[in-house]
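There are 2 protein chains.
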Amino acid sequence: MYVGIDLGGINIAIGLVDDDYNIIAKGSVPTGREREFSEIMADAAALINRLLDESGKTAADIKCIGMGSPGVPDVENRTIIAASSFPKIHHSSAQDELHKYFPGVPVFVENDANAAAYGEKLAGAAKGIDNVVVVTLGTGVGGGVIIDKKIYAGFNHGGSEIGHMVLNFNGPQCPCGRKGCFEVYASATALIRQTKDMIASYPDSIIHEMIDHDPDKINGKTAFDAAKLGDRAGEKTVAKFIEYLGIGVLNIINVLQPEAIVIGGGICKEGKYLLDRLNEFITPYFYTDQIPFAKLMTATLGNDAGIIGAAMLWQQQEA
Amino acid sequence: MYVGIDLGGINIAIGLVDDDYNIIAKGSVPTGREREFSEIMADAAALINRLLDESGKTAADIKCIGMGSPGVPDVENRTIIAASSFPKIHHSSAQDELHKYFPGVPVFVENDANAAAYGEKLAGAAKGIDNVVVVTLGTGVGGGVIIDKKIYAGFNHGGSEIGHMVLNFNGPQCPCGRKGCFEVYASATALIRQTKDMIASYPDSIIHEMIDHDPDKINGKTAFDAAKLGDRAGEKTVAKFIEYLGIGVLNIINVLQPEAIVIGGGICKEGKYLLDRLNEFITPYFYTDQIPFAKLMTATLGNDAGIIGAAMLWQQQEA
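Just so you know, the sequences run in chain order Z and C. Taking my numbering, I'd label the letters of the first sequence as residues 1 to 319. Taking my numbering, I'd label the letters of the second sequence as residues 320 to 638.
None of these hints come from the bench; they were simulated from the model. Each residue gets a CB set at the ideal place from its N, CA and C atoms; glycine is no exception. Do not rely on the hints blindly, as some may be mistaken.
Said to hold, decoys possible - Using C-beta positions, here's what the derived DEER-type ranges look like:
#  : chain 1 : residue 1 : chain 2 : residue 2 : range
1  : C       : R551      : Z       : K149      : 34 to 40 Å
2  : Z       : G56       : C       : P611      : 45 to 51 Å
3  : Z       : K149      : C       : K588      : 37 to 43 Å
4  : C       : R551      : Z       : Q315      : 57 to 63 Å
5  : Z       : D20       : C       : M320      : 37 to 43 Å
6  : Z       : G128      : C       : P494      : 34 to 40 Å
7  : Z       : K149      : C       : W633      : 54 to 60 Å
8  : Z       : D197      : C       : H409      : 46 to 52 Å
9  : C       : I329      : Z       : P87       : 55 to 61 Å
10 : C       : K382      : Z       : D18       : 30 to 36 Å
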């Protein structure tokens, strides 16, 4: 039995995972990301112990612990080098902290988006596919690249920052310092902003009613819901968003030619509606009809992907 | 001794290469790219025989033949599936054609940009570096990706088309169908156009004299030569070109985090002058100072890279 930790800015989600990638117990606790790393890991350890109790297991049943974390991991030293949203993380050893509670248990670390991509590859949409890019549309756009069954993160383990691929160098400022990054256009945050901007020009849009005339009630589903009801503002917002997403997806295809691209994040619930339109946009740009191009898919594991991928990091890294 | 064929739109360049990646004989003949593939390969075979004669070798000394070709190869079947500039190439078997002249000799095929990248990795700028992207600035922008010592071309062998990564989706039309591709901004062709456009606003620029007032004499060196002499139009052209190139390079870094990026094509002769300015542009955009980022280099093998890489394809593929 393996422990997967998905360290998020808001919550620490943890699951006990069996050899068949089933989560046999899971739970979460608030992260308190401003705290010392040792305190955060103490809470994680307490949650692991609670999950062990609940499922009638003991620490002796843990084969290893894997953790997906924001920022840049030092995979070899089982350390998080830096994570911008965690002020106290600085070359912080996950192994040292977790060994306080589970001495001798092998510990692995990985970037959270990479761990989630690995989860989708092992047990989700991309099961059985060896070359896949997972693009997660959330607050930003996260990316995880699997090449030849392995997480690909570059020579410095600093990749893959697909969300910070510039699609329009004259575009709006991105917090990363560059302009017109993929995530400025195709994150859930961007979709919400695009919906707000669009309805300002459509006073008759049904969206105004759907959100009780409160723009703060717009979420990543709003424009899709309205579009499906034939609302013009919704349709135009969705069409433009899919164009933006498609431009980024085509860049990924041209650079990486993965066998599949998995779209994750809340928006993946749009399923076939999203994929049909996205395929319609990208297909005319394939540069030959003599070879196959990437299949588009939506993620199937949701937040469990990060837990399962983290739990199974031992398959990627030597103990 | 290995034979490397670099099949170009204008010339077929061929070299005999030894185990230490030295070219012991080389030559070229016009391609005649409109002809039947069998005729093109017959000329290649004749050139191979001439090179063998010149160097006192025989066909029995050939361990294998590798060919880099435009378009998309079927590596497994040693076939070129399609190449847009070669109208008669359509699932054309390099192996069958070359076996007419060199029966039984193992034949390997690869995309030409990938073969050239492999050459730079084996024997050029990126010798000893296992993760490298070679970006060649010519008529277009070609790319070759080496991951973990191996040519990476995606699941369909259709990659990597780095030149067709969109940097500005509102930009000028690219022949590929998309808008604002990397090669629209950073190819040698683009630099020549940018130089022409710039000097139109600078009637006093020394460039007008340098080119005898004939815009057709502008080449990829012109703006650099003028900039080094302190010419304002030259300086502005170079600065803008480096910005464009830098945006593409940063995208490659964010997606692939290679250990090195090698800039190839005629422009790489600008060496340190180019690299210093390119580094100055990209470094502020690295998202952390806690990990190393890609080293920039200029290619060292010139056109020999394609020959050496092709000759050594046997190291990549099973016979």
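Status of the hints after comparison with the structure:
1. R551(C) with K149(Z): 34 to 40 Å: violated, 54 Å
2. G56(Z) with P611(C): 45 to 51 Å: Distance hint for G56(Z), P611(C) holds at roughly 47 Å.
3. K149(Z) with K588(C): 37 to 43 Å: holds, 41 Å
4. R551(C) with Q315(Z): 57 to 63 Å: holds, 58 Å
5. D20(Z) with M320(C): 37 to 43 Å: Violated, at about 53 Å.
6. G128(Z) with P494(C): 34 to 40 Å: holds, 37 Å
7. K149(Z) with W633(C): 54 to 60 Å: About 25 Å separates the Cβ atoms of K149(Z) and W633(C), which means 54 to 60 Å is violated.
8. D197(Z) with H409(C): 46 to 52 Å: Taking Cβ atoms as reference, D197(Z) and H409(C) lie about 48 Å apart, which means the hint holds.
9. I329(C) with P87(Z): 55 to 61 Å: Holds: the Cβ-Cβ distance is about 58 Å, inside 55 to 61 Å.
10. K382(C) with D18(Z): 30 to 36 Å: Cβ of K382(C) to Cβ of D18(Z): about 50 Å, so the range 30 to 36 Å is violated.
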